[in-house]
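Mind docking these for me? Both chains are given alone in their own frames, and the hints should help you get the complex.
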Amino acid sequence: MKLKRIIIAAALLFNATLANAVLNIDITEGVEGAMPIAVVPFRWVGSQKLADADVSAIITSDLARSGKFSPLSEKDMLSKPTTPEQVDFKTWRIAGIDHLVIGAVQLQKDGSYQVQFRLFDVLKSQQVLGYSFPADRQSLRYVAHRISDYILEQLTGLGPAFDTRIAYVTSSRSANKKIEYKLQVADTDGFNPQTLLTSKEPIMSPVWSPDSRKIAYVSFEQGKAEIYIHDISSGKREKVASFDGINGAPAWSPDSNRLAMTLSKDGNPDIYVLHIRNKALSRVTNHWSIDTEAVWMPDGESLVFTSSRSGKPQLYQVDLSAGSTPKRVTFEGNYSANASVSPDGKAIAFVLGEGNRFRIAVMYPETRLMQVLTDGPQDESPEFAPNGSMILYASQVNGRAVLAAVSIDGGHKQRLVLSDGEVREPSWAPVRKK
Amino acid sequence: MKKIIFVSIAMLLLSACAEQAIKDDGLMDAGASGDQYGATVGSVDAAGVGSGTMLAGQEYAVSYEKSAINDPGNILSQKIIYFDFDSSDIREDYVELVKHHGKYMALNTASRIRLEGHTDERGSREYNVALADRRAQAVKRLLLFEGASSDQVTIISYGEEKPADFGHDEQAWNLNRRAEIIYE
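So the sequences go chain by chain: A and B. Here the first sequence is numbered in this note's numbering, starting from 1 and rising by one per residue. Here the second sequence is numbered in this note's numbering, starting from 1 and rising by one per residue.
The shape of chain B in the complex, shown without the other chains (with noise of 0.2 angstroms):
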């Protein structure tokens, strides 16, 4: 497992080289095609506001303001992180949203986050605390890859203890499976 995490960091770097440079109001200025993840990366028009990111099938603007994080039509309204089950590794359609979450917190030096690690119902609930620590960890590095702090993250592990969804079938298993982002 640990490899792998390697494996995406290292991707991650190769992909950072290729991006767009970030104007000095703090907004991105999207070019060219991140296409490599699933996500789509669109382009930033002159009022500064991007054309679109994907995620989950729905388009979203980027842009790194303040308010950002409550625009939502902005993909850092986004802030649930799934996952595979037994695993901690970030998903590829989910690594765009991390990144614009550690670039929104590189740029907003005063914000703070709780990032929150959650596990489906499956297995021995300590081991699932174990677990969803794992996978906000997993969140919280790549968050510092793209340029947070660590004291702007505290993470708290509730394993199976808080669903999201009190099913027991395959459609809440997936919606436990998660890290969430909660900005104080």
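Isolated chain A (complex conformation) (with noise of 0.2 angstroms):
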């Protein structure tokens, strides 16, 4: 298939208390390789077409953003079925297309929606997939992202990447140089943006829980770096940690039971781990260098963090257990700081530094095998996707910052960007809080 470039623009917010900025997203580079697949328009029964729910649309932008699927654009469509008697295979595979999915949408009685949809193999002329749901009107665009979900996991074997959240930090100048920061959660295409802390002092650091229902930060806003968990639901939120001296960098356990941070109550920033619970803080790391953005391997055991103890920034792993010594990870360069662990814990993303030039990259612990996966010059806080496929990460277009995605390939490469404004730090959520 030839590379394609896809602009996809954001519609406007619902609600005008709501943030008044969208992300836009940008598809810059294509895949070779990318399934054809078209997704027919639904069928809207008892209701004219949602703008801003059109279901069909939604899959459209997921799958081609995922960078796997290459979907066929409607007006390329020679027919437009919307029940499976109308389906007619031999023109879908004279077109070339080797999945088709169609579906309807219909408004009952109440209010609610039922929405259904089938996923056919053009090959093999046969239904692979088919199921309904329920929803309301809030919900429809989530259950259009589930679907995505469903398709994606039936034709590649990921795992979802959709019907989940991101949270980034934005910040925004006026004109006599103060700076206005907020934190924001997203769906994954940008939609929705919600805005759950607005600050005249920096914001940091966003990382979601493991069941997707909280937030920790670190905050400025009393004039100092603290640490917060905000219950996303609730909007309530905790003060976990205002140590003297730094407070930065948490991380959730994967049992979702503690914190690692970086404090330098001590005298110099370490690792520590906190029970957020009980408040039972154990230290982990006890050297005069800078030991920082700790990150939690998925058997909950051990950590890797940024250490400077070789005397520039380098990546390290140590066990949880009494009197592990950290062991170093990273070899190449002179600049390896801010990791990611994949949700399987076989890759580590991290920015690797070389001169000015910081860019994203990926290592492999059980090969050593490095890949340098963006081309910088300020690229930072990789963050892999729950299914593992891609990386979102912070960079700099033509001065502004913003966010991109890069698959764990090099393959693919899209940026998200958001109306205005600087975005940066995202955090992608492991799984949609339903």
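Just so you know, these hints were derived from the structure itself, not from any lab. Treat the hints loosely; a few may be bogus.
[What the hints assert, rightly or not] Result set (DSS-like, lysine-lysine): computed pairs, CA atoms no more than 25 angstroms apart in a straight line:
{"hint": "1", "chain 1": "B", "residue 1": "Lys162", "chain 2": "A", "residue 2": "Lys200"}
{"hint": "2", "chain 1": "A", "residue 1": "Lys200", "chain 2": "B", "residue 2": "Lys79"}
{"hint": "3", "chain 1": "A", "residue 1": "Lys239", "chain 2": "B", "residue 2": "Lys162"}
{"hint": "4", "chain 1": "A", "residue 1": "Lys109", "chain 2": "A", "residue 2": "Lys90"}
Written out as structure tokens, the structure is:
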């Protein structure tokens, strides 16, 4: 397939009191070998198609964004079946389409909706998958994302990536150079941005809890760095770390009970683990160098972190059992920091610095192989997608901070652009909160 | 890095021995040259105002009365210390400045400062918070060495989060690698 450039503009917000800046998705490079698929516009029964909940358009956009599919555009569709009887596999085969998705959205008497879809294998001329979902007005977009996840899993084996949320920090500068910082969460396609926190002081390092119900982050709102845990649904938050000096780089343990963090209260930035409920604090590193940016291995028994103990920042791994010595993990170049561990623990994405250029790289501890995935020059904050297939990160384009994503093999890149302000420090929620 | 800090402190000790006496009224009686660090210490005239010390090519008066920190002609009006890339060592050309602030704080015991550490945008954010903290800690150590007390100093590290210059080039980076002294 030829490389394609697809620009998908986001519709505006639903509610004037929500954040007024919306993410646009701009796919900058396609991928050779993407599966040709056609998502035929769904039939709407009992109601007009809702422009802000166009289910088939959402599915098309998700599948394109994954980098695994090359969806046919509507204007190129010679037929638009909405029921199985209307499907003529031969015409789709001739058009070079491997898979076909059709469906319908039906308004019920009580104002709710029923959404159904069918996925067909065109070459085998048979249905592969078909589901029906109840939805209400608010959840129609999420049903569409779930359908995208079903299709993604069925055709690629990958776990879900669309029916979840991302969090990020934005900053915007007013004319008198005053900065306003916001912590926002949005759907993975940038829709529905909601502001959790607005502040005149910096916000840093948002991280989702494993159950996607909470976000931990660093806020300077009271004049110094402090770590909060913020419950998304209730809006309530708890300050969990306000020690002297640095309180930073929170990271949730896989069992949700602990936060790894960076504290300098004992004289020097070191890694500590806080038990969230009883507030018991244990120290993990004790070294005069900078130790920070701890992240957990999926078994919850060791941490990967950044340390300057060999002179420049490098990644180390340490077991949480007592008396364990950190072992160095990165050996190339003279700057490796800001690790993100893949969901299966087999890959570590990180920031590789060479001179003035900072790029995202991924290394495989088992083989010690490393691959550089991005071009820089100021790429940072890598974050694995929950299905391990992509890495979300912060980048700069024309001097403006944006979010971007790259596939784990480096073959597909895309950019998510906030329509105003600067965006950074993305965190990808592991599973959609139901 | 630890070694370099010790050496710097040792060199400061030596220079302190060669330095001028402090008058009872708190004004510095300069006379000798303190040229080792690229700063020249001028003479103090009868009115008690120093003819100057240099910083970044500009000449400033040296005195430690309470209002000196707000006097644009006084060295103490300069409150930003700049650093080299990935370094938290106090540069030679800023050692004198920090020492003057330390002396001021020693003589004005009610003075309190916020010491804010910053980095340029390069590299990862949380690592930069730690690096910026180190810069502020290095300044604090020198202030304490000159007689300030620990409870006069509060350190906040902002990493790269609060740049002075929003550009993405060497010029901006140079201006962002800094520690700022803010008298409260």
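Right, here's what the structure says about each hint:
no.	hint	verdict
1	Lys162(B) / Lys200(A)	holds (11 angstroms)
2	Lys200(A) / Lys79(B)	holds (23 angstroms)
3	Lys239(A) / Lys162(B)	holds (23 angstroms)
4	Lys109(A) / Lys90(A)	violated (38 angstroms)
Violated hint: 4 only; the structure is consistent with all others.
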